[in-house]
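Residue 569 in numbering that gives the first Met the number 0 sits at position 570 of the first sequence, and the numbers go up by one each step.
Please note that the accuracy of each hint is not assured.
To be verified - Straight-line Cα separation of at most 25 Å, SDA-like style, residue types lysine to any residue; simulated pairs:
id : residue 1 : residue 2
1  : K483      : V314
2  : K483      : L639
3  : K407      : L443
4  : K584      : L568
5  : K484      : S201
6  : K23       : P43
7  : K484      : K23
None of these hints come from the bench; they were simulated from the model.
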Amino acid sequence: MRVSRLMLVTLRDDPAQAEIPSHKLLLRAGYIRRVASGIYAYLPLLWRVLQKVSAIVREEMDATGALETLLPQLQPADLWQRSGRWAGYTAGEGIMFHLKDRQGHELGLGPTHEEVITDLAADLLRSYRQLPVNLYQIQTKFRDEIRPRFGLMRGREFIMKDAYSFHSDEASLRDTYAAMDGAYRRIFRRCGLRAVAVEADSGAIGGSASQEFMVTADAGEDLILTSADGCYAANQERAVSLPTPPVELPGGLRTGGAGELLATPGQTSIEQLVGAHGFEASQLVKVLLLLARFQDGYLQPLLISLRGDQQLNGVKLANAVSARLAGDHGVLLGIDPLSFELVAALNRSEGRSIDLSAFPLGYLGPDLDDGLLSGSRPSLGVEGREVRAGSSGVAALPQPPRQQLSAKFLRLTDPTAAQLPAFVCGANQIDRHRVGASWQGLQLEPEVVDLRAAQPGDRCLHDSAQTLTAARGIEVGHIFQLGKKYSEALGARFTNESGEEEALWMGCYGIGVSRLAQAAVEQNHDGDGICWPVAIAPFEVIIVVASSQDPLQSELAERLYGHFQAEGLDVLLDDRPDRAGVKFKDADLIGIPYRLVVGRGAASGVVELVERATRQSQELTVDAALEAVVAAVRSGRSGLQVPGAAAG
RNA sequence: CGGGAUGUAGCGCAGCUUGGUAGCGCACUUCGUUCGGGACGAAGGGGCCGCAGGUUCGAAUCCUGUCAUCCCGACCA
């Protein structure tokens, strides 16, 4: 390809809308253009990168025996209703773009394809003899992200490789899961990425085991915790660790564990209590008051107890609450601190509400009386200027589910709090705390769940000599053992060896292809531009003619260009009439791994070879340069080379 | 959705406080001189000042509304 024909438009200034280096560089170097929020045009240069990434993904997936397919992007609501995900994915701030066709049928643009593929599996897979099967596709996905950002990093339309495997038993699922783990490691390595596999939360997809692949970069949206010995790595959402031991409470139990009242006027925070009375934060039990909202309108107040020096992990909490209540009340829509704002919002809707002013906020103890909930007054409802559906012109809108408030708290306690033999906690009355309380003394049997957030510096479970360190990560891949969640919901059954019908075991495996391309830039750039790894570079070598007017240089450049094309290299010829400096700047910016400069040495048959990533350069005779470039590119294509080794 | 900011030429910005009909750099076109790290000179083209109302003799500038974009939190490949 000739640069004069490449529609190359590079920018000298950083675009104001871009924040992180990879986003700026992709815009400046002419790889992407924004079309709408979270929606991008992949310009010819980027499309070549995406094709190369896809090719690597295909090779590695195919090598495991997976089958490539292509599923529809437009999917019927019916399938999603059967899996129980339609409401959760479309209602409110749902992530699924959905629409009605002219017959009035509801459809959604696929944010993921479990439903479609499982329905197909139900149709096609009948016998254990057909299993296992692993199907994948590389395709555009649509998610109406709450906040698209950082260019391709979190777009609303993006390219993803997703695979779904089907098995007759759990052991087979584990085998494929392990094969995917291996394939993913090779894929990221071949793409020139430094990625780590971390234990992950399964999130909205569901299932048991799951692992994320994180490209480490400061711009990453996730926090990952790793041990130096490499034995443990987890997303902070999921991470576990050994808490620091608590400091023993002087005096131990008082009044048999019921605790002794202590006047604590205005001391509503851990810091204030610690400061005023010389307590250690680890001697306190703090009680958090939250409200969980469910799909069917059920509202569950939560009373969460944590040791005073620990932080709540919201993901762990949501999982624990979901596990207890989602069966009866549908999808957990959210958990929010029970604040006056939230109560005011609830007051405006139907049903009963909570009288938060009756709560001794800042002085809550884990034995807070359920009576505070049943004593709540009926909501004043729709007086004033509130408009009701049905009483106005919007009668066609569906009624929101009627809210129903639980009469009891769901009380969950983190082990760090549950294990304290004697502690300080709120007395459930204003300006009073209790010292020397115990769970038994308060006549409580705590329901113990791991709810605390692991922190950098914590000791590891597998080896208490190891501590966790934090790093930012970009999630480029995620693999799940789904189990039977979707196959049971959608009736995907097969006949096993004993002639019995059984639901299929499933796994699913995603790679964000467009995100991966940007993550590669995030990890491979310098002050002058992108430094693409050879394996995914849009072009492998660029020939720069220092002075296009010099027929000697032009002719030599053309000869080299033809030679590389004949050798099957992806070669770019910068034949523009611009000055050499302009072409050097552009070559650095767009990040072509090898640059061959045909300049003043042309007359004596000498050219200059520069490796982009290392800036190493050498003067070579034409023949030696040809040989060096071809050799370097060929070895670089595997993605397994060490930068610098080729041009040295 | 909550909090913060910004919308002026393809890109980056000034002008707005104190209203008088739009400017700078880059990019683009033509000519000349340059020619190995984003050259110089000359001439030129390109703007419903996000949109809609309002105030005013007069609005990029003041007021109201609205839309869009970006940043910080909840979502995820």
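Here's how the hints hold up against the structure:
Distance restraint check for K483 and V314: the Cα-Cα separation of roughly 23 Å lies within the 25 Å cut-off, and the hinted pair is therefore satisfied. A C-alpha spacing of about 38 Å is found between K483 and L639, which places the hinted pair above 25 Å, so the restraint is violated. Of the supplied pair hints, the one linking K407 and L443 holds, its CA atoms being roughly 15 Å apart against a limit of 25 Å. As the CA atoms of K584 and L568 are separated by approximately 22 Å, the hinted pair is consistent with the 25 Å bound.
Between K484 and S201, the direct Cα distance comes to roughly 12 Å. Compliance with the 25 Å bound is thereby established for this hinted pair. Taking the CA atoms of K23 and P43, the gap is near 17 Å; set against the 25 Å cutoff, the hint holds. Restraint check for K484 and K23: the C-alpha separation of about 41 Å exceeds 25 Å, so the hint is violated.
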